[in-house]
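Colleague: Listed below are the residues making up each chain.
Protein chains: 2
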Amino acid sequence: MKIALLVVGDEILLGQVTDSNAARIGQLLYARGLGIAEKLTVGDSLEEIRRGLGHLAEHARVILVSGGLGPTLDDLTQEALAGFAGRPLVENPEAKSNLLALLERRGRPVNAIQLRQCRMPEGAEVLPNAMGTAPGTWLEHDQKVFIAMPGVPYELETMLQNQVLPRLERLPRSGVLLHRTLLTGGIAESDLAARVESWAAGLPPEYQLAYLPALGTVRLRLTATLSRERQDAAGLDAHFEAMTHLLEDAVVARGDVGIEDRLGEILLNNKLGLSTAESCTGGSISKRITSVAGASQYYRGGLVCYQNDVKISTLSVPATLLETEGAVSEACVRAMVEGALDAFKADVAMSTSGIAGPGGGSPGKPVGTVWLACGDAAGIEAKCHHFPWDRHRNIEAATAYSLLHLWKFLRQRGYC
Amino acid sequence: MKIALLVVGDEILLGQVTDSNAARIGQLLYARGLGIAEKLTVGDSLEEIRRGLGHLAEHARVILVSGGLGPTLDDLTQEALAGFAGRPLVENPEAKSNLLALLERRGRPVNAIQLRQCRMPEGAEVLPNAMGTAPGTWLEHDQKVFIAMPGVPYELETMLQNQVLPRLERLPRSGVLLHRTLLTGGIAESDLAARVESWAAGLPPEYQLAYLPALGTVRLRLTATLSRERQDAAGLDAHFEAMTHLLEDAVVARGDVGIEDRLGEILLNNKLGLSTAESCTGGSISKRITSVAGASQYYRGGLVCYQNDVKISTLSVPATLLETEGAVSEACVRAMVEGALDAFKADVAMSTSGIAGPGGGSPGKPVGTVWLACGDAAGIEAKCHHFPWDRHRNIEAATAYSLLHLWKFLRQRGYC
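For the protein sequence lines, the chains are A and B, in the order given.
Numbering follows the working numbering, with no gaps: position 205 of the first sequence is 205.
Numbering follows the working numbering, with no gaps: position 303 of the second sequence is 303.
Everything labelled a hint here was simulated from the structure, so no lab data went into it.
These figures come from a predicted structure and were not determined experimentally.
One should not assume that every hint holds.
[Said to hold, decoys possible] Covered by chain B, according to a simulated footprint, are these stretches of chain A (three or more residues, beta-carbon under 8 Å):
(1) 20-28
(2) 39-49
(3) 72-78
(4) 101-115
(5) 289-300
The beta-carbon is built from N, C-alpha and C at its ideal position, and this holds for glycine as well.
Just chain A, with the same shape it has in the complex (with noise of 0.2 Å):
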């Protein structure tokens, strides 16, 4: 069963969003062991939507479009799959219903505008959107299945989780995909290819490899693509297995997880309270950190210290350390990581400090200088990176390359 995605949207086109929810559709599919095979994105445009859907029917049986069902005039989605499936565009008395009780919930007057969302295909099924105004519309029409969502994002992942999966497992398929990821840390991707290509050469033809690099780490993912009746989980671990054998030294964790969910784990298995010194990073780490559900058992709290008055009266940095090195360099992370110790009560402790850019920058410290530190109550370890990229760029590159420090620094106190 194969499935395509059709996004619609000017603003993905144009790049003012990020399509956050193609990325997220295809994670709850592969939840489910079924995959995108192909996705395209046109813009707001009915001759665009209609061209789109023609090239993903040709191979696919299952058509998901998200965007373009909002009440303005520029949501033409259901107008369009109107015109392809050549069926009139008629009010839905269900859509209707469940709007118009949506808003009195809400205390909200109806509008003209908001009633053009009950409007799709003749004989297409509403599906009722648990969280915004518009309904999704489910359309069986020449063998295949055409699937509207709203783009908004949660309103988009409440409707598939609720409605249009259970659905979809209800369909007739052939093959499900099975995965097994690992995260490595600290080692380039074609160091980590040389190291396992001549394993993976000799692989099923059902396997497959691919690699995922990012900032300081590269995910390995394993993907077997079987039949429903011989669902073969364990050829796929011990499989697994051996590549992670190959890897062992570089092996940050086992499973599609981030660097932030295996430091919780390890903080949490040694009893580890940490905190956390920003300057460069402004927040991004304790971001990060705090992305994982259940952060509250280890993390104690994080200081973002913008200037060096702050550091001085809340990390108790010393002033003439300020003078005499300044703020980016080994001394002053190394005091903010003493000061987030005692500040926090912590038992293990991280600070930045760099030039993100684009202003600060000079010849002895250009943008992208950063020191970054990690220690605990028997010492600190600090580093310098210097990145060669924009703000955005360089703040996103030193809380990952403080992720992975903290991590080494965790192995070598023998935590993990």
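Got chain A sorted already, so can you dock chain B onto it with the hints?
Modeller: Relative to the frame of chain A, chain B by itself:
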């Protein structure tokens, strides 16, 4: 000159990475008056890449390809491009000498896996990769231009900026896109639409209005598709002003900026220092504030206080208040604002405390309950939200509504 984009990578279809490249490419083209007409994403498969090239080349004159240029066996773009164009795949001497020079500079040995990256369709020109090992290519074939770029975001961005865009600008083209964007806050999309649609209906046919809703804010984008000879920016500006006038009280900012950029401008203009005290948002607010270049001129710093004793020790939140009212309460966020004004010697402070989930909820304070506050020496404004989503989305919403709350607070105080 129609431009299409082909994105190659299983990891994008599977949702293991979000496709931020496509957004960035859209932004960079848009800045030069160019737009992507269509975007297709396919997996790491020779056949799928070739079929995708065929679909896009039907209507487009320029086909950008990102991804699939790396050194490993799942990188198939060059081979697919050679197959599509009916040309042999050959090792390019210029690409090879660039790669050898790069590896020598980095002090790294050459291995056979890396050399694979130097194979490209016969007749293709090399686009040097200033940030990594995989070269890009520019291939003119059958009246079309095929441009292959690496999938690693900063490699792609640098190549696009320095190599591809200057060459694209030299190709003949017919029309240009001009845009103006307005950021509105605190008004729902359909209410905005009701206020502007009769005006929008009177726009000339070359104008388009799009609504881009986000949490708490909606961007309105007015686009004109104009001929190269008659780039009537003044006409666009006049229409944009008329629209802005209709929405006056909801206008956060003119231009394609985030609310954090506008807040920075207001704080800077009024010489105000800001501090933050975050519980459930865990650093997300300070991350957004410090994403703006120059934030150090108005951002004093912030605290992430994930534990009650940290709220007491660093922000002087009274222990009795936490016992009687709990951390997720109006009294607590008010005390946090007071503590943050004091600890950071700030003029304005903001705070959050809530239950992001999945754990930690109770009947009286279910998951998604978030208190937020803003204040200065003259007083504090607090507000409670109930978000219905998962941890990630609840944190994102609490962050977005906190920034909106600060904007409203600053407006109420007459700072903007």
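Colleague: Next step is simple, just say for each hint if it's right about the structure.
Modeller: Hints, verified against the model:
Only when three residues or more bring their CB closer than 8 Å to a CB of chain B does the claim for the stretch 20-28 of chain A stand; here the count is 8, and the claim holds. As drawn, the stretch 39-49 of chain A meets chain B at 7 residues by the rule of a beta-carbon pair under 8 Å; at three or more, the given contact holds. Counting residues of the stretch 72-78 of chain A whose CB lies closer than 8 Å to any CB of chain B gives 3, so the stated coverage by that chain holds, three being the minimum. Under a criterion of three residues with beta carbons nearer than 8 Å to beta carbons of chain B, the stated coverage of the stretch 101-115 of chain A is upheld, 3 such residues being counted.
With a threshold of 8 Å between beta carbons, the proposed coverage of the stretch 289-300 of chain A by chain B holds, since 9 of its residues qualify and at least three are required.
Hint check: no violations occur; every hint is consistent with the structure.
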